[in-house]
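With these hints in hand, go ahead and build the complete structure from the sequences.
Heads up: the sequence shown begins at 2 in my numbering, then just goes up one per residue.
Any given hint could be a false lead.
[To be verified] Cross-link-like lysine to any residue pairs, in silico, SDA-like; alpha carbons within 25 Å at most:
| # | residue 1 | residue 2 |
| --- | --- | --- |
| 1 | K91 | M153 |
| 2 | K91 | L74 |
| 3 | K91 | G175 |
| 4 | K204 | G175 |
| 5 | K204 | P152 |
| 6 | K91 | V162 |
| 7 | K91 | G25 |
| 8 | K204 | L137 |
Derived from the structure by calculation, the hints contain no laboratory data.
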Amino acid sequence: MSSAWNALAYLTNKRGRTVLPSTGLERLNAFSDGVFAVLITVLVLDLRPPEVPTFNALLASWETWLSYGVSYLFIAIVWANHHHLLRHAKESTASLMWYNFAHLFSVSLLPLATAWMAVSELAPQPVAFYAAVFFLVNLTYLLLIRELIDPMPENEVSPEVRRLMRLRAVITLGLFGLAAILALKYPIVGLGICICCLAVYLKPQARG
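Right under this line is the structure:
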């Protein structure tokens, strides 16, 4: 009975924070990967072919294809960076679990934002909401950096790499916020800023 209780009980790490049992990290990774897989599937399944069977009709829906193309790339980039961060996790703390849930929640808003932006043909308010989702995803990514990277010893992650990771995240966070504001008047400009910001995350590693 006591062994079963101990297997379920929370453990306490060196920093005095509550952590989950040793299997918690594997479950956290598996659950996160499952969420990303479902989101990509939902995103693709939401696409609809044009009613007219011509290439012109297909090209006439370029706003839809652009919206879904950017979103697919965004989810792929978020997954790659999320995977890179979780490689540094040594244990599944309670704070890591909730930060991860917040990150996944923000990413889960992307299919809704994409569909709204596509059906509106890049109208200002849907594009602004789309950029705001990017902002929220980046904000929760910063929380994961603070949880996973900041406590690590310098021999594993150098101060220069930490500084570059935080700087990249903070700058893009500000740009996503700016994109959401500009999109209310200039939606193409707002979306363009979001697309440009994705380029700096194509390689998850920040080289020091």
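Against the structure, the hints:
For the given pair, K91 sits about 10 Å from M153 by alpha-carbon distance, which is consistent with the 25 Å threshold. Of the pairs offered as hints, the one joining K91 and L74 is violated, with about 29 Å between alpha carbons and a cut-off of 25 Å exceeded. The hinted pair formed by K91 and G175 fails the criterion: a straight-line CA distance of about 30 Å is larger than 25 Å. About 20 Å separates the Cα atoms of K204 and G175, which keeps this hinted pair within 25 Å; it holds.
Taking the CA atoms of K204 and P152, the gap is about 22 Å. The hint holds against a cut of 25 Å. At most 25 Å may separate the alpha-carbon atoms for a hinted pair to count; K91 and V162 meet this at roughly 19 Å. At roughly 11 Å between alpha-carbon atoms, K91 and G25 fall within 25 Å of each other, so this suggested pair holds. In summary, the hint linking K204 to L137 is supported, as the alpha carbons are separated by about 20 Å, within the 25 Å threshold.
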